[in-house]
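Protein chains: 4
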Amino acid sequence: MTNQLTEIRKRVYEANISLQEHNLIKFTWGNVSEIDRQLGLIVIKPSGVAYDKLTPENMVVVDINGNVIEGDLNPSSDLPTHIELYKAWPEIGGIVHTHSTEAVGWAQAGYDIPYLGTTHADYFYGSIPCTRALTEEEVEHSYEKETGTVIVETFDERNLNPMTIPGVVVRNHGPFTWGKNAKQAIYHAVVLEEVAKMNRFTKQINHNAKLAPQYIMDKHYLRKHGANAYYGQKEKICKNDK
Amino acid sequence: MTNQLTEIRKRVYEANISLQEHNLIKFTWGNVSEIDRQLGLIVIKPSGVAYDKLTPENMVVVDINGNVIEGDLNPSSDLPTHIELYKAWPEIGGIVHTHSTEAVGWAQAGYDIPYLGTTHADYFYGSIPCTRALTEEEVEHSYEKETGTVIVETFDERNLNPMTIPGVVVRNHGPFTWGKNAKQAIYHAVVLEEVAKMNRFTKQINHNAKLAPQYIMDKHYLRKHGANAYYGQKEKICKNDK
Amino acid sequence: MTNQLTEIRKRVYEANISLQEHNLIKFTWGNVSEIDRQLGLIVIKPSGVAYDKLTPENMVVVDINGNVIEGDLNPSSDLPTHIELYKAWPEIGGIVHTHSTEAVGWAQAGYDIPYLGTTHADYFYGSIPCTRALTEEEVEHSYEKETGTVIVETFDERNLNPMTIPGVVVRNHGPFTWGKNAKQAIYHAVVLEEVAKMNRFTKQINHNAKLAPQYIMDKHYLRKHGANAYYGQKEKICKNDK
Amino acid sequence: MTNQLTEIRKRVYEANISLQEHNLIKFTWGNVSEIDRQLGLIVIKPSGVAYDKLTPENMVVVDINGNVIEGDLNPSSDLPTHIELYKAWPEIGGIVHTHSTEAVGWAQAGYDIPYLGTTHADYFYGSIPCTRALTEEEVEHSYEKETGTVIVETFDERNLNPMTIPGVVVRNHGPFTWGKNAKQAIYHAVVLEEVAKMNRFTKQINHNAKLAPQYIMDKHYLRKHGANAYYGQKEKICKNDK
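Protein chains in written order, with the UniProt record's numbering: chain R, 1 to 242; chain X, 1 to 242; chain D, 1 to 242; chain Z, 1 to 242.
Just to be clear, a hint being listed does not mean it is correct.
Heads up, the list lumps identical chains together, so a pair's fine if it works in one copy or across two of them.
Unchecked claim - Mimicking SDA-like on lysine to any residue, the simulated pairs with C-alpha atoms at most 25 Å apart in a straight line are:
#1 LYS53 to GLU137
#2 LYS197 to GLU140
#3 LYS10 to VAL49
#4 LYS219 to TRP29
#5 LYS87 to LEU211
#6 LYS180 to HIS141
#7 LYS210 to THR154
#8 LYS219 to SER77
#9 LYS10 to LYS219
#10 LYS26 to ILE64
Just so you know, the hints here were simulated from the structure itself, not pulled from any lab data.
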């Protein structure tokens with residue numbers, strides 16, 4: 001167990017650090033986790049610790065119910081949101097949450113990030129949904145847990161597949177992204193932020209810009225993902241994790 | 001007294017230098033001060049000195065009436081504004097003034113920076129007010145002092161608490177922020193600028209974006225501040241100073 | 001042949017790397033090629049390889065029909081688009097494709113990047129066209145090849161000269177630029193992105209901004225290009241390749 | 001004479017290099033000159049030379065009629081514009097021209113950069129004018145010279161003082177700024193660009209934002225400039241050159 005956790009601690013640490021390099025956060029405003037499904041353990045950033053104080057060793061290990069298994073620090077206060085997503089979606093292995101500026105722009109606007117072009121379609125097979133706002137009851141009852149619930153509800157109600165649309169913006173809050181591991185979740189966080197920016201620009205130039213055609217989305221998404229993917233090099237099935 | 005001033009000079013120097021690192025200023029367009037309430041002394045940046053010429057030693061020490069106690073250089077010309085705020089609000093210990101671009105955008109628009117999301121609510125318990133413009137009489141009489149007066153008036157008239165809304169934009173001018181010390185005032189300056197940017201983006205995407213719900217503000221602000229705060233690590237009461 | 005390819009591999013490698021320095025790409029989202037018309041060979045970036053793994057040696061050499069002549073990696077999946085342009089326009093020697101943010105803003109809006117000022121006119125003799133969207137049939141038949149076809153069609157139907165308007169935005173996709181070699185194509189990619197940004201700003205300030213006068217375009221373009229150019233130093237005929 | 005030119009060459013070289021540090025240019029898209037009124041000589045950047053090839057020694061020395069006195073390279077093609085301004089306004093000693101993005105946004109919009117706040121008023125005593133477009137005759141006759149003529153005409157017709165409004169945007173083109181020397185002209189170029197950005201933000205937030213009050217302009221401009229200035233340190237009369 002120790003060796004496996006050593007690796008996962010290192011990966012989660014590196015993913016958290018990369019949030020800064022990708023300009024996705026200010027101060028401590030982000031968190032990344034990764035789950036080991038076999039061990040039933042999640043490794044996540046500690047809460048409110050400055051990035052230059054983070055180390056692989058002070059990442060917090062919790063079980064699927066949020067109990068701290070290893071570590072002296074509190075886990076990220078957003079841990080219950082991560083747990084809801086891990087519970088609902090067994091295929092995902094890593095989660096990222098930030099307050100990245102462009103994505104927050106859409107979250108505050110209360111709008112989906114619309115599918116307008118091929119950059120979007122290379123990684124997200126459809127518009128990126130914006131959830132409804134949490135109700136007062138949900139906020140008071142169990143805020144961070146219900147944030148996860150409302151994300152899952154959004155995907156369920158709209159019949160969206162979290163493996164092909166690996167991100168969301170939570171109304172009045174900000175983005176969550178996920179992937180098969182922490183590194184891929186980071187990749188999706190970068191793409192979501194970039195697409196949010198491209199789409200803001202497009203709305204400025206042409207406020208009535210229409211969604212791009214479905215058949216272009218099919219082409220771009222499927223040339224990167226799945227059995228017939230031909231983007232990238234042969235040894236990889238899904239090419240978006242580099 | 002000397003030792004205490006050595007420390008405060010160093011802190012004020014470092015806070016001024018950090019304005020550049022946070023991209024809040026161009027040239028000499030900012031100033032930071034900190035007050036020692038027991039000594040009754042304020043340490044502030046000298047006026048119009050290039051940032052690469054600043055040292056802890058050339059910070060200027062003044063008393064609460066603005067008389068220079070130590071230093072050969074003129075204090076920042078905005079000193080009288082700082083003094084008004086220190087006099088009106090005994091809980092604050094540090095003040096920052098900049099012409100940061102996003103905040104100035106709102107100051108020139110004459111609009112409050114509205115509460116649209118959780119990034120805002122983590123640090124500001126309500127929309128960040130924009131003051132009225134100073135009158136001709138106020139400008140001619142004692143411009144920098146009256147700038148402070150109009151800030152205090154804004155908080156008084158709207159019944160706002162400067163300890164929970166630690167910043168303002170002065171109409172046609174720019175932002176002032178404050179905190180328990182210079183470092184926290186800098187933190188608030190960064191947050192204010194980032195929120196101003198997020199909100200500009202939101203207005204571009206949805207010009208009619210509504211204020212976020214009050215109960216989300218309550219939740220976010222109170223999970224970081226006060227007796228029941230649970231964000232961050234246990235030894236800290238108020239978590240926003242890292 | 002080897003020596004010639006050594007040089008062209010190096011140039012194509014350097015041009016690909018420069019995409020990062022010019023902030024035109026994220027991750028692997030760009031590709032540059034150069035053609036040797038005498039050898040009938042094209043050198044292009046491999047598909048989906050991280051930029052820090054690129055070397056002059058792993059650039060892929062293909063013939064004009066896309067057959068790999070040298071190299072173990074797959075060529076960029078956009079190769080068929082490059083080939084269509086090289087076939088249609090014998091004067092061009094290098095091509096760049098990116099998803100640069102400002103240009104994509106226009107591509108998604110479905111608008112030409114209009115000629116609004118002299119920065120534009122220094123390098124593009126007329127508005128930069130936006131193609132029509134590809135049809136479903138085109139996408140399904142041969143997507144990347146048809147992307148090239150629709151670019152050529154756009155220039156043909158509008159009677160535009162690709163040597164004086166060395167770039168395009170493909171609807172819902174992004175920019176392609178070209179030039180006498182890879183380096184000049186990169187230069188044009190930078191100009192296109194900058195002009196796209198300037199024009200977005202102009203539209204924000206004055207949504208009804210008009211095209212600039214034709215006679216200013218004539219002056220600016222012709223003082224840099226052609227027999228009577230007087231910009232730059234004497235030994236160069238066309239000055240825009242520095 | 002040689003010693004004087006050594007100093008002025010160095011200053012003009014450094015000012016040109018600083019255009020990059022201030023993010024005012026791409027490639028070779030800017031030029032700075034300085035005049036020695038006693039010698040009747042102007043030192044200016046050579047035309048179209050990459051910034052990493054510039055040295056104090058390859059700056060070009062010309063007389064007031066544009067004849068090259070020292071140097072093997074062509075002077076900047078914008079030299080005739082500089083000469084017109086030096087001839088019309090004997091108080092100015094340095095000139096900067098760029099295609100900085102925000103300023104070009106206004107130039108292409110055809111709008112003055114309006115006086116909306118105190119950052120503006122600290123350096124420009126009134127809105128920064130946008131010239132009319134040059135006529136076809138002017139462009140064909142002597143384009144760069146007439147660019148200078150139309151700038152001077154703008155100040156004359158509107159009765160503006162180039163010493164208190166040290167900059168302009170030329171319609172469909174971009175900004176020129178000036179000052180007592182090259183360094184001050186650079187400072188004004190940075191301010192103009194920053195104010196252009198602030199004002200774009202303000203227009204986004206409140207499209208009907210009004211000009212700021214005249215009495216605030218008087219206060220801000222006069223506390224920095226002239227006999228009663230009190231900003232900065234005592235040994236300086238005009239404080240905006242640091």
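A quick look at each hint next to the structure:
Taking the closest pair of Cα atoms, LYS53 and GLU137 never come within 25 Å of each other, the shortest separation being 36 Å inside a single copy and 51 Å across copies. With identical chains, the CA atoms of LYS197 and GLU140 are never at most 25 Å apart, being 33 Å at best within one copy and 29 Å at best between copies. For the identical chains of this complex, LYS10 and VAL49 are neighbours both inside a copy (17 Å) and across copies (24 Å), given an alpha-carbon limit of 25 Å. Taking CA atoms no more than 25 Å apart as the test, LYS219 paired with TRP29 passes between copies only; the shortest distance there is 17 Å, against 36 Å inside one copy.
Taking the closest pair of Cα atoms, LYS87 and LEU211 never come within 25 Å of each other, the shortest separation being 32 Å inside a single copy and 32 Å across copies. In this assembly of identical chains, the alpha carbons of LYS180 and HIS141 never lie at most 25 Å apart, being 30 Å within a copy and 32 Å across copies at closest. In the homo-oligomer, the alpha carbons of LYS210 and THR154 lie at most 25 Å apart both inside one protomer (23 Å) and across protomers (21 Å), since each shortest distance falls under that limit. Taking the closest pair of Cα atoms, LYS219 and SER77 come within 25 Å of each other only across two copies (12 Å); inside a single copy the shortest separation is 40 Å, beyond that limit.
In this homomeric assembly, LYS10 and LYS219 never come within 25 Å of each other (Cα to Cα): the closest approach is 36 Å inside a single copy and 32 Å across copies. Taking the shortest alpha-carbon separations for LYS26 and ILE64, neither the intra-copy value of 28 Å nor the inter-copy value of 34 Å comes in at or below 25 Å.
In this structure, the earlier hints numbered 1, 2, 5, 6, 9, 10 are contradicted, and the remaining ones agree with it.
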